[in-house]
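K.L.:
Using the sequences and the hints given, assemble the complete structure.
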Amino acid sequence: MIVIALLAIGVVALALGGYLTSLSNFANQTLVDAQTWVSTRYLAVVDFLTVPRDVASLRQKNAELEAEVARLQTQVIELQQQVTETQILSALVDFARASPENTYKAATVIGRDPSPFLRYVIINIGSNDGIRRGMPVVTDQGLVGRVDAVTADAARVQLITDPASAVNVSLQNSNTEAMLVGSITGDLSLDMISQDVTVQPGDVVLTSGLGGGYPPNILIGQVISVRKLDYELFQQATIQPIVNYDQLQFVLVITNFKSVETAPLVPTTSP
Amino acid sequence: MAFPVLVLALMLQTAVFSRINLLYGSADIVLVILAAYALQERVTTSWQWALVGGVLVAFVSGLPWFVPLAGYLLIVGLARLLQRRVWQAPLLAMFAVSFIGTLMMHFLSIFSLRLMGDPLPVGESFSLITLPSILLNLLLAIPVYAGMRDLAGWLYPAAVEA
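Sequence lines, in order, name chains A and B.
Numbering (my numbering) for the first sequence: 1 to 271.
Numbering (my numbering) for the second sequence: 1001 to 1162.
Some hints could be false.
[To be verified] Stretch-level coverage of chain B by chain A, calculated; a stretch enters the list once three of its residues show a Cβ under 8 Å from a Cβ in chain A:
1. 1023-1036
2. 1039-1049
3. 1054-1061
4. 1109-1115
5. 1141-1148
By construction, these hints were calculated from the structure, which means they are not laboratory data.
Backbone N, C-alpha and C define an ideal beta-carbon position, used for all residues, glycine too.
P.N.:
Structure (structure tokens):
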């Protein structure tokens, strides 16, 4: 006990005398290094233990943000669709204003004929909206066809590209008349063009109004090629339609036009 | 059950399938549904389904009214005939009915439209419309057959032996 007390007093005396400074510095440095190591490892362990919780919360946040992005993308698509529809409807309104002599009813194309041999579309207005059989159907670009059958709330429209469709037309530049017929491929061609007439590619094709099936001067398209053979009675021409009949969304039905039924006027051969 | 299923099928046909074209042909989902339903062993109402389908399509389509009616009845008749003959290979029967049924339906359409005065070129119609339509109907055959098998199993559950 006395020895320990003497040693302690000796160490204190040496420390007070400054003889243990280097030794204490070394000991302090070692302790600080050890403390730093322990602290770093502790924090690493804490990180290791808490990271899974962060990943879970990040994943949740990520899922929420992805859902938000998906919702906003849907909204953007809807708005783009609305903008497109508004542009089409605006064009239709402009067209209707430009032709005040006609009364129009706008309709949406809601379907196509189930048979691939026919080129008909179904629109979402019918006899309740004043639609009658034979009324012409147009877009702001040009002629579409005419109403073939009507129910209370829907109507079936025969496109001019239908193989059974025939429209009397006039060629604006050639000042002549012809018959526009459809085909199973949806291509339009002109028939019954007199051999005496010169038809050029680029000639504009309009309805003539003959026959009373369609009002006159509705744009249809333009001639892209002409077939003239000397041994045939008539020339033929291929037409590039101005309306894209595969992408019809909205159409206008001309409701104040009454088509003329010419069948009774056609003479029949008596037996 | 025929009415809601076939109305839904017709809505899909006019709004979707008629707009999906291969060359100028398109699938006929009503035809494939009727063929798949008629091929189910326990089904007893396939003729009624054909009548309902025919009337619905005749109402919507510009085809002469008797074409879809007669066409679908013929297809169901063919399916019932094949169902008894090749009952061990239902998918083979489904493909056969889809193939022959589409051909029958299209030839009936072409014939009747020409009879009504439409200038349909037969060769062009066959190569541009009928052949692509057959391919599309064959593509639809397997999923529709699976769906109609489930529907038939639900409508006509198998008797449980004691």
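K.L.:
Go check the segment 1141-1148 of chain B versus chain A for me, would you? Three or more residues, Cβ under 8 Å, otherwise it fails.
P.N.:
violated (count 0)
K.L.:
With a cut-off of 8 Å between beta carbons, are at least three residues of the segment 1039-1049 of chain B near chain A?
P.N.:
violated (count 0)
K.L.:
Examine the segment 1054-1061 of chain B for residues whose CB is less than 8 Å from any CB of chain A, and state whether their number is three or more.
P.N.:
holds (count 3)
K.L.:
Examine the segment 1109-1115 of chain B: at least three residues should have C-beta closer than 8 Å to a C-beta of chain A.
P.N.:
holds (count 3)
K.L.:
Quick check: do three or more residues in the segment 1023-1036 of chain B have a beta carbon closer than 8 Å to a beta carbon of chain A?
P.N.:
holds (count 5)
Hints 2, 5, counting from the list given before, are not met by this structure.
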